[in-house]
Amino acid sequence: MASKTKQKTAIVVGAGVGGIATAARLASAGFSVTVLEKNSFTGGRCSLLTHEGYRFDQGPSLLLLPGLFAETFADLNTSLSAEGVELLKCDPNYNMWFGDGEKFELSSDTAVMKREIERWEGKDGFERYLAWLGEAHRHYEISVREVLHKNFTSIFNLLRPSFLRHLFALHPFESIYSRASKYFYTERLRRVFTFGSMYMGMSPFDAPGTYSLLQYTELAEGIWYPVGGFHAVVAALVRICERLGVDIRLNTPVSRILKSPDGKAATGVLTEDGETLTADVVIINADLVYAYNNLLEPTPYSRALQTRQGSCSSISFYWSLSRIVPELSTHNIFLADEYRESFDAIFDRQSIPREPSFYVNVPSRIDPSAAPEGKDSIVVLVPVGHLLNSSASTPISSAKGLPKEELDWPALIASTRASILSVIQTRTHCDALEPLITHEMVNDPITWEDTFNLDKGSILGLSHSFFNVLAFRPSTRARGCKGCYFVGASTHPGTGVPIVLAGAKVTTEQILRDLEMEIPWAEVKGKGKEVGEMDRVRRNGGLVSDLGIWMLAIVVLIASVFYVNSGLVVTWDWDRKRGWGSGRFDSPGLASAA
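Residue numbers (the UniProt record's numbering): 1 to 594.
Since the hints were made in silico from the structure, they are not lab data. These numbers come from a predicted model, not from an experiment. Keep in mind that the hints are not guaranteed to be accurate.
Only pairs whose alpha carbons sit at most 25 Å apart, straight line, appear in this in silico SDA-like list of lysine to any residue [as the list claims (entries may be wrong)]:
1) Lys6 with Ala522
2) Lys482 with Ile519
3) Lys264 with Asp280
4) Lys103 with Ile324
For each label pair, taking beta carbons as the anchor points, the in silico distance ranges come out as [said to hold, decoys possible]:
5) Pro372 with Gly263: 55 to 63 Å
6) Phe98 with Glu52: 31 to 39 Å
7) Lys103 with Trp521: 41 to 49 Å
8) Lys482 with Glu102: 54 to 62 Å
9) Glu221 with Trp120: 20 to 28 Å
Beta carbons are placed, not taken as given, at the ideal position from N, Cα and C, and that holds for glycine.
Using the sequences plus the hints, can you model the full thing?
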């Protein structure tokens, strides 16, 4: 009887957003939780850099999908405001600076968008914008309901009628750029409404059309900023963990996951200091590819993961300025004139573009506490290709990437720095920035890899191409290791702070179901007011529609089984055939790795 009431224990490896959120959820479900973090700070990439009164968000700086943040805190019986997190709405969303001297203001204010769009595409351009926004809204609603809150542990999860019914409405087989081109007729607006794929670490010419949902949430819900920096959200989750008794140990790197004598189940972890900690479940919030190849025993599957398409890396600059630069708003986008070539260099060739597209964040513009009075703190993120070689214990080189040892990194960083300083000054007509920089910090692909164990320095984990998401993405349950789970950017549902928060809920609920435990935040059936006849939803043609869905299910199942067993990687060439694209089947070592 005692064994049935014994408190369950959990170890979380990594104190990133996903790890901390999972720890809080498990603790609220009655677990005794220990979090082990290799660094001296929590939050992972969602952390702060500081220098003499200047504060910088090391990674994420835009709070999108605010509903997912609110949901996380509500499930833990609190709220952002109750935890002292104040959100400020960014207005405008961005200023976009073009090489021809023009500027486009992106805003959640419909009147502003009407003015900006009609400047370039006339009265009917705004109507087409509203139609595009309607499509992006469908992508958003379907994805939140059918993807972010559902697990895809096998290809059979793809056969859910509720998912299949909406599959083609998500436009997963068309690129964001292809979909935008159907609504916007000028190259300028096509760029304005497609650059957001960079959030997923993908080119707009490759990213599935589904991801227009990100720009929808910006335009419909706005971009928000937590006072004190993005880490304020993580700090609030840490406080919740502490109230719930979670033991968070910093500066405690883990060397490997311990297994049962038969090698089939996780029993705990071994720290680099030689300490053995046991637990009923182990949740890994470290980079998934790194973990499979360094914390778990190398297998054909772990080696195959190294050959999967990864997201980009970045060269990020953190500048302390001696005065305010009024020409820059909180969020600024500088797109390369050679738009397609810039993205091809990063995502197709995994190199550094001759002319980069980049993002400039000025946190002190919206939150004066980010810099001393009368001064600015500036973050510049320049997307670049990832590294050529994996950091795995038994590395497999990528076909493409930046060679870590062969490049002159100081010279490369210096040339990138000079390029972006010139572009900012030329396009905004601000005073020269270089004389204003009193202190600089830099993260490059090697820094990202070393500091956070990011495989190849990919800052957003694995890519989000169609065959790298849903059931094709590495599962939240570790392969071949019972009681071991993943949460974070490279498992389902994907990358980005709000998406990872949704993933923490998915992973925690999977653990609780596996252990046949109650889910504390589960919705009560019948909750809310009764639906009357006037408001009851009815779908016409249900029988015919459902027959079509089951026929589609068979097609999806056959295609999925073929893909999983083939060892092939599918990419889409959108230029060869408009709409669906033409599949290019490549086998970059998967078969040999197995």
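Comparing the hints with the structure gives:
no., hint, verdict
1, Lys6 with Ala522, "23 Å, holds"
2, Lys482 with Ile519, "20 Å, holds"
3, Lys264 with Asp280, "13 Å, holds"
4, Lys103 with Ile324, "20 Å, holds"
5, Pro372 with Gly263: 55 to 63 Å, "56 Å, holds"
6, Phe98 with Glu52: 31 to 39 Å, "35 Å, holds"
7, Lys103 with Trp521: 41 to 49 Å, "44 Å, holds"
8, Lys482 with Glu102: 54 to 62 Å, "58 Å, holds"
9, Glu221 with Trp120: 20 to 28 Å, "24 Å, holds"
Going down the numbered hints, you'll see the structure goes against none, and every one checks out.
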